[in-house]
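A.B. asks: Going line by line, the protein sequences match chains A and B. By the numbering used here, the letter at position 49 of the first sequence is numbered 49, and the numbering carries on one by one without gaps. By the numbering used here, the letter at position 50 of the second sequence is numbered 50, and the numbering carries on one by one without gaps.
Please keep in mind that the hints were generated in silico from the structure rather than gathered at the bench. Take these hints with a grain of salt, some might be off.
[As the list claims (entries may be wrong)] Below, a list of computed lysine-lysine pairs in the BS3-like style, where the Cα atoms sit at most 27 Å apart:
id, chain 1, residue 1, chain 2, residue 2
1, B, Lys-127, A, Lys-42
2, B, Lys-10, B, Lys-70
3, B, Lys-70, A, Lys-42
[What the hints assert, rightly or not] Beyond 10 Å from chain B on every Cβ pair, some chain A residues (computed):
id, residue
4, Thr-14
5, Gly-15
6, Asp-48
7, Asp-62
8, Arg-69
9, Pro-74
[Stated by the list, open to error] Computed Cβ-Cβ distance ranges for the label pairs, DEER-style:
id, chain 1, residue 1, chain 2, residue 2, range
10, B, Met-1, A, Asp-64, 32 to 38 Å
11, A, Ala-23, B, Gly-76, 27 to 33 Å
12, A, Arg-76, B, Gly-120, 47 to 53 Å
13, B, Tyr-55, A, Pro-39, 40 to 46 Å
14, B, Lys-115, A, Lys-42, 43 to 49 Å
15, B, Val-73, A, Arg-66, 18 to 24 Å
16, B, Glu-33, A, Asp-64, 30 to 36 Å
17, A, Gly-70, B, Asp-88, 22 to 28 Å
Where a beta carbon is used, it is the ideal one built from N, C-alpha and C, also for glycine.
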Amino acid sequence: MPTIRIPTPLRPYTGGNAEVPVAGPTVGAVLTDLTSRHPNLKQHLYTDGGELRAFVNVFLNDEDIRHLRGAETPVRDQDRLMIIPSIAGG
Amino acid sequence: MLTITPEVLKALESHGEAAYPNEGAGLLLGRAEDRHKTVVDILPLENRWGAEEQYHRYQITPEDALYGEKEAVRRGLDVIGFFHSHPDHPAVPSEFDREWATWSGYSYVITMVEKGRAVGSRSWLLKEDRSAFEEEEIRTDKVTG
Numbered sequence: 001m002p003t004i005r006i007p008t009p010l011r012p013y014t015g016g017n018a019e020v021p022v023a024g025p026t027v028g029a030v031l032t033d034l035t036s037r038h039p040n041l042k043q044h045l046y047t048d049g050g051e052l053r054a055f056v057n058v059f060l061n062d063e064d065i066r067h068l069r070g071a072e073t074p075v076r077d078q079d080r081l082m083i084i085p086s087i088a089g090g
Numbered sequence: 001m002l003t004i005t006p007e008v009l010k011a012l013e014s015h016g017e018a019a020y021p022n023e024g025a026g027l028l029l030g031r032a033e034d035r036h037k038t039v040v041d042i043l044p045l046e047n048r049w050g051a052e053e054q055y056h057r058y059q060i061t062p063e064d065a066l067y068g069e070k071e072a073v074r075r076g077l078d079v080i081g082f083f084h085s086h087p088d089h090p091a092v093p094s095e096f097d098r099e100w101a102t103w104s105g106y107s108y109v110i111t112m113v114e115k116g117r118a119v120g121s122r123s124w125l126l127k128e129d130r131s132a133f134e135e136e137e138i139r140t141d142k143v144t145g
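One chain only, chain B, in its complex shape (with noise of 0.2 Å):
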């Protein structure tokens, strides 16, 4: 499960609004306590794939995800997974998201935004074989964890 305040997914989904048309992408910044993870704060990155395919295409760079993990070390908190933005398509993985995926165990949420406007996240983890996403529940919840 993965908790969010309204405050921090409104900042998320806001990300891929400004985004649109294109894909926009960042860090999900939190805590992980086995298989619940808490979203303190996220981390909007530069979307660093060619800009003639940044409308269904993202990249977060090395140098940009070491800064992000350094970031997230000043902060106290860890990098507890992705999100991006899907500019009128919805809001699960195409098979690119799961042929460059990393990790299981990290969260990627994705956003639809649709004309301009968010109209929902989910979020989602690799399967252990790496062959398919499974969906995550979102809880958002008042309370920061």
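Next comes chain A alone, as it looks inside the complex (with noise of 0.2 Å):
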């Protein structure tokens, strides 16, 4: 089963779990069952309008999604996701 890592203040909502396990054919099926399983993450996740947010990246197996084929990316079951975020300031 793949597996996601979960960033440090997220870990209350995923029962302090560091790492989940995910069931999914691709990374946007992996994060709605990671979603529906850790029902409270979702608004850390996405917007009111159901997007990532925007300092939100997913890696699989260290490769920013965008750089594949975003939501779309096939998913196997030895592969495993981060959940990293971007950080700016002034």
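With the hints as a guide, bring the two chains together.
C.D. replies: What follows is the structure, encoded as structure tokens:
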């Protein structure tokens, strides 16, 4: 089963787990599975309009999914995903 | 509360001094337990904002943040927040800092660097509703967590 690594401040919404198993044939399906297993995560990852928040990045085996096929990127059993923030300020 | 050793705080502030007159930035690595976090080390990173605006902007790219997350895992730590410097400006989050903030729960440490010398650091937490930052107490502690 693929796993996804959760950023430290979001772990209260995954029962304190840093990595959680997820299921689905694509990155989009896996993220839907993640937020249906852990519903309180959703508002932290998505805007009210249902888009991933601008600072939220998803990596599949160290590759930004935006450089792959985005939400359509296929996911295999042994894959490792990570949710990584973009950080900026002034 | 954010606990940090004097040595690590010095390293964090030295990074801001070295970046002056630009902003310096990086990740806080450590451990988090409920609302109490302990900084074990810092991971200074390149300021990737355009060079001409680095005097009042900083950026850590997703690729650099990924590197930081993996480095934390390798050391058995977590990314518990970020730090950056404010050259010749108070160690208080700007409106731009709030607009670009990520998730509530990360510590945002800001160091004021005045004429090239660090003159104080303060830590900030984004409110749950993202409307503002509120200050988090920093405890400098000689005992590592």
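A.B. asks: Now, for every hint given, state plainly whether the structure supports it.
C.D. replies: Tested hints:
A distance of roughly 17 Å separates the Cα atoms of B:Lys-127 and A:Lys-42; the hinted pair therefore holds under the 27 Å criterion. Between B:Lys-10 and B:Lys-70, the direct Cα distance comes to roughly 24 Å. Compliance with the 27 Å bound is thereby established for this hinted pair. Our distance criterion of 27 Å between C-alpha atoms is met by B:Lys-70 and A:Lys-42, whose separation comes to about 24 Å. No beta-carbon of chain B comes within 10 Å of the beta-carbon of A:Thr-14; the shortest separation is about 13 Å.
Against the 10 Å criterion, A:Gly-15 stays outside the reach of chain B, whose nearest CB is about 14 Å from its own CB. With a least beta-carbon separation of about 12 Å from chain B, A:Asp-48 lies farther than 10 Å from that chain, consistent with its non-interface assignment. A:Asp-62, annotated as away from the interface, has a beta carbon of chain B within 10 Å; the closest lies near 7 Å. Non-interface call for A:Arg-69 relative to chain B: holds, since the shortest CB-CB distance, roughly 17 Å, exceeds 10 Å.
With a minimum CB-CB distance of about 20 Å to chain B, A:Pro-74 clears the 10 Å threshold, and the non-interface call stands. Look at B:Met-1 against A:Asp-64: about 34 Å separates their beta carbons, and that is inside 32 to 38 Å. With their beta carbons about 28 Å apart, A:Ala-23 and B:Gly-76 fall inside the hinted range of 27 to 33 Å. In this structure the hint that A:Arg-76 and B:Gly-120 lie 47 to 53 Å apart at CB holds, the actual value being about 50 Å.
Distance hint for B:Tyr-55 and A:Pro-39: a CB-CB separation of about 43 Å, consistent with the stated range 40 to 46 Å. Taken as a hint, the range 43 to 49 Å holds for the pair B:Lys-115 and A:Lys-42, whose Cβ atoms sit roughly 46 Å apart. In this structure, B:Val-73 and A:Arg-66 meet the distance hint of 18 to 24 Å, their C-beta atoms being roughly 23 Å apart. Roughly 31 Å separates the CB atoms of B:Glu-33 and A:Asp-64, a value that falls within the hinted 30 to 36 Å.
At roughly 42 Å, the beta-carbon separation of A:Gly-70 and B:Asp-88 lies outside the given 22 to 28 Å, and the hint is violated.
Hint compliance for this structure: hints 7, 17 are broken, all remaining hints hold.
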